[in-house]
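Colleague: Construct the complete structure from the given sequences, taking the supplied hints into account.
Line by line, the protein sequences are chains A and B. Take 0 as the starting number for the first sequence in numbering that gives the first Met the number 0 and just add one per residue. Take 0 as the starting number for the second sequence in numbering that gives the first Met the number 0 and just add one per residue.
Misleading hints may appear alongside valid ones.
One-sided excerpt, in silico: chain B residues whose CB lies under 8 Å from chain A [said to hold, decoys possible]: (1) Val34; (2) Leu35; (3) Leu50; (4) Val54; (5) Asn210.
Simulated DEER-style distance windows between Cβ atoms [stated by the list, open to error]: (6) B:Asn180 <-> A:Gln180: 22 to 30 Å; (7) B:Ile29 <-> A:Asn73: 24 to 32 Å; (8) B:Met12 <-> A:Gln180: 15 to 23 Å; (9) A:Ala184 <-> B:Met7: 22 to 30 Å; (10) A:Asp191 <-> B:Lys265: 28 to 36 Å; (11) A:Thr151 <-> B:Leu113: 28 to 36 Å; (12) B:Leu58 <-> A:Glu63: 47 to 55 Å; (13) A:Met181 <-> B:Ala55: 49 to 57 Å; (14) A:Phe144 <-> B:Glu42: 25 to 33 Å; (15) A:Asn73 <-> B:Met7: 32 to 40 Å; (16) B:Lys132 <-> A:Gly157: 36 to 44 Å; (17) B:Met12 <-> A:Glu63: 15 to 23 Å.
Don't read these hints as lab results, they were simulated from the structure. All values derive from a computational prediction rather than experimental measurement. By construction, the Cβ of each residue, glycine as well, lies at the ideal position given by its N, Cα and C atoms.
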Amino acid sequence: MKHKTIYHWGFTVPALLLYSALFLLPVLLNFYYSLTNWNAVRLMSESAKWVGFKNYIKIFSTPELSAIILRTINFGLVTTFFKNILGLFLALLLNAKIKSRNSLRAVFFLPSILSPLIIGLIFGSFFMTNGFFNQLLAGIGLHRFVHPWLTTQSTALGTTMAVEIWRQTGFLMVIYLAGLQMIDAVYYEAADIDGASPWQKFTNVTLPRILPAISVNVLLGLAQGLKAFVIIFVLTNGGPNSSTELISTIMFHEFGKKLYGMSAAYGVIMFVICAFFGLLALKITNRNPDA
Amino acid sequence: MPKRKLSMTRKKMHILQISTGWILSLIVIIPFLIVLFNSVKTENESINMLLTPPVAVHLENFVTVWKIGSILKSYRNSLFVSVTPTLITMLSASMCSYVLVRKQTGINKFYYKLFAMGLMFPVSMVSVVKVSKMFGLYNSLPGLILVFSSLILPLTVFLYYGFIRAIPKEMDEAGIMDGANALQVFFRILFPMMKPVTSTVILLNFLNCWNDFMVPLYLLPDPDRSVILQQVYNFYGTFTASWNLVSVTIIYAVLPVVVVYFLGQKYIISGMTAGAIKG
Numbered sequence: 000m001k002h003k004t005i006y007h008w009g010f011t012v013p014a015l016l017l018y019s020a021l022f023l024l025p026v027l028l029n030f031y032y033s034l035t036n037w038n039a040v041r042l043m044s045e046s047a048k049w050v051g052f053k054n055y056i057k058i059f060s061t062p063e064l065s066a067i068i069l070r071t072i073n074f075g076l077v078t079t080f081f082k083n084i085l086g087l088f089l090a091l092l093l094n095a096k097i098k099s100r101n102s103l104r105a106v107f108f109l110p111s112i113l114s115p116l117i118i119g120l121i122f123g124s125f126f127m128t129n130g131f132f133n134q135l136l137a138g139i140g141l142h143r144f145v146h147p148w149l150t151t152q153s154t155a156l157g158t159t160m161a162v163e164i165w166r167q168t169g170f171l172m173v174i175y176l177a178g179l180q181m182i183d184a185v186y187y188e189a190a191d192i193d194g195a196s197p198w199q200k201f202t203n204v205t206l207p208r209i210l211p212a213i214s215v216n217v218l219l220g221l222a223q224g225l226k227a228f229v230i231i232f233v234l235t236n237g238g239p240n241s242s243t244e245l246i247s248t249i250m251f252h253e254f255g256k257k258l259y260g261m262s263a264a265y266g267v268i269m270f271v272i273c274a275f276f277g278l279l280a281l282k283i284t285n286r287n288p289d290a
Numbered sequence: 000m001p002k003r004k005l006s007m008t009r010k011k012m013h014i015l016q017i018s019t020g021w022i023l024s025l026i027v028i029i030p031f032l033i034v035l036f037n038s039v040k041t042e043n044e045s046i047n048m049l050l051t052p053p054v055a056v057h058l059e060n061f062v063t064v065w066k067i068g069s070i071l072k073s074y075r076n077s078l079f080v081s082v083t084p085t086l087i088t089m090l091s092a093s094m095c096s097y098v099l100v101r102k103q104t105g106i107n108k109f110y111y112k113l114f115a116m117g118l119m120f121p122v123s124m125v126s127v128v129k130v131s132k133m134f135g136l137y138n139s140l141p142g143l144i145l146v147f148s149s150l151i152l153p154l155t156v157f158l159y160y161g162f163i164r165a166i167p168k169e170m171d172e173a174g175i176m177d178g179a180n181a182l183q184v185f186f187r188i189l190f191p192m193m194k195p196v197t198s199t200v201i202l203l204n205f206l207n208c209w210n211d212f213m214v215p216l217y218l219l220p221d222p223d224r225s226v227i228l229q230q231v232y233n234f235y236g237t238f239t240a241s242w243n244l245v246s247v248t249i250i251y252a253v254l255p256v257v258v259v260y261f262l263g264q265k266y267i268i269s270g271m272t273a274g275a276i277k278g
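Modeller: Here it is in structure tokens:
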């Protein structure tokens, strides 16, 4: 009898209560609010009338608004791709038995434990018209590239992507390092005996063996990239001319305009995108190398 | 290939790798150096946030910002809204995961899946604001604390769940033999055994709450209750041209994080690797 009472259901109550009230409830309510015209545009009254799919129809039939969705996906995919390539490169470099590799790992990891707000402020100044980056370009003779990177429409999005990649590459590197350290040296010895080139060793031994790490890192990159908010908010706040507006920032802007129903609809779209890419990434990368 | 030649190429390779590593690390180091240098410059000197060393070291910038930025007050707020959720979540998640692991009933498996879902899915802040208004938690530090606690729960449950699974059930049974009740078994036997994962959880959750800017941005408009990051952002808005002072606020906001990072690097990295999916 004591066996039954020792794992008391009461132990689960605080966590479940907290989680249901402030995570699950908002997630569920959000689906409902996205189907209303909930707003507080008129002073004194907050109204929420059922409008069906009107918010979604507005989003998908206005080219500037549906462009935001594609831009968010683009931001998520591009940053995920480069974070992984660079993270894996750094991991391979620092997995070798070289001096000072621990200090180097700590340096590369540092940005990922800092708030994106701080990083956004630093790079906001870094890319100013007379800021460090432009002075560097001018200093090495690349005067024609000197311009305000974050306030020029053609380069703003790419620059924010670069900052986001800079911010999290070290984190992915650490996960790749953990994956690399789990590979048994026997595989490399066998490949040496077969006379494999370094490139062959990389594609035939390393890559298949770190598939689990790739899987985690692709998911991680997507979760970070698709949901990125603070970094954009600080760097460009969606501008110039909406060229860096993502779902997360338009959600905040609609919220600021007190158009809560629209903000909720974008929230649902974000939810669906995260679910879609999350499951897709799991499906593609979750393969057993020994199968 | 003769052996000496091989070791020569190895050595060259080695030097190449180290130098590549350090050259690349400049990309990370330079932005931080810029902040450090400019924090002790004059306003005029820091106008473009360049990497030139300061002409003279103006440490008084730190005093100025400490006073006009009400750093102490926002430190206190930040500490309060980071430490409390960390403790709330540590307790509730460890207890919950313990029962979810040990009693694998259908409903418990479902609960675990619900928590795991929270690792990937975003929560829409407009609805969080609505719900906190419903519960009377909007624009208050306790409200922010509870929202933080629920947001960090999925990762915490995930970490504890994995750890408890590796603790043999015999441990619990030994406790029953000694006549301990459910709470005693958990707090006297199990919880002390979870020390490694608890260290990870405490450090990660503290950092996550301290570094979060989005939730306070939506949920805590009252400037009197600002956390340190809000203070930095407001300061930046007011003193846009004074990059020297903005750099100082950045250092103030980052300092506790860096201290925590160097003290607990091992636990942070192991925890982040294990709970990677959450990010």
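Colleague: Now tell me if each hint is right for this structure.
Modeller: Here is how each hint holds up against the structure:
Using the Cβ-Cβ criterion of 8 Å, the hint placing Val34 (chain B) at the interface with chain A is satisfied: the shortest such distance is roughly 6 Å. The interface hint given for Leu35 (chain B) is violated, since its Cβ lies 11 Å from the closest Cβ of chain A, which is over the 8 Å cut-off. Below 8 Å, beta-carbon pairs count as interface contacts, and Leu50 (chain B) has one with chain A at about 6 Å; its hint therefore holds. Checking Val54 (chain B) against chain A: minimum C-beta separation of about 17 Å lies over 8 Å; hint violated.
Checking Asn210 (chain B) against chain A by beta carbon gives a least distance of about 4 Å; that is within 8 Å, so the hint holds. Taken as a hint, the range 22 to 30 Å is violated for the pair Asn180 (chain B) and Gln180 (chain A), whose Cβ atoms sit roughly 43 Å apart. At roughly 28 Å, the beta-carbon separation of Ile29 (chain B) and Asn73 (chain A) lies within the given 24 to 32 Å, and the hint holds. One distance hint, 15 to 23 Å for the beta-carbon pair Met12 (chain B) and Gln180 (chain A), holds here, with the actual separation near 20 Å.
With their beta carbons about 23 Å apart, Ala184 (chain A) and Met7 (chain B) fall inside the hinted range of 22 to 30 Å. In this structure the hint that Asp191 (chain A) and Lys265 (chain B) lie 28 to 36 Å apart at CB holds, the actual value being about 33 Å. Restraint check, Thr151 (chain A) to Leu113 (chain B): a C-beta distance of roughly 45 Å breaks the suggested window 28 to 36 Å. In this structure the supplied range 47 to 55 Å holds for Leu58 (chain B) paired with Glu63 (chain A), their Cβ-Cβ distance being about 49 Å.
Against the hinted window of 49 to 57 Å, the Cβ-Cβ separation of Met181 (chain A) and Ala55 (chain B) comes to about 52 Å, which satisfies the hint. One distance hint, 25 to 33 Å for the beta-carbon pair Phe144 (chain A) and Glu42 (chain B), holds here, with the actual separation near 29 Å. Remark: the range hint 32 to 40 Å for Asn73 (chain A) to Met7 (chain B) is contradicted by a beta-carbon distance near 47 Å. The hinted window of 36 to 44 Å between Lys132 (chain B) and Gly157 (chain A) holds, with their beta carbons roughly 39 Å apart.
At roughly 52 Å, the beta carbons of Met12 (chain B) and Glu63 (chain A) sit outside the given window of 15 to 23 Å.
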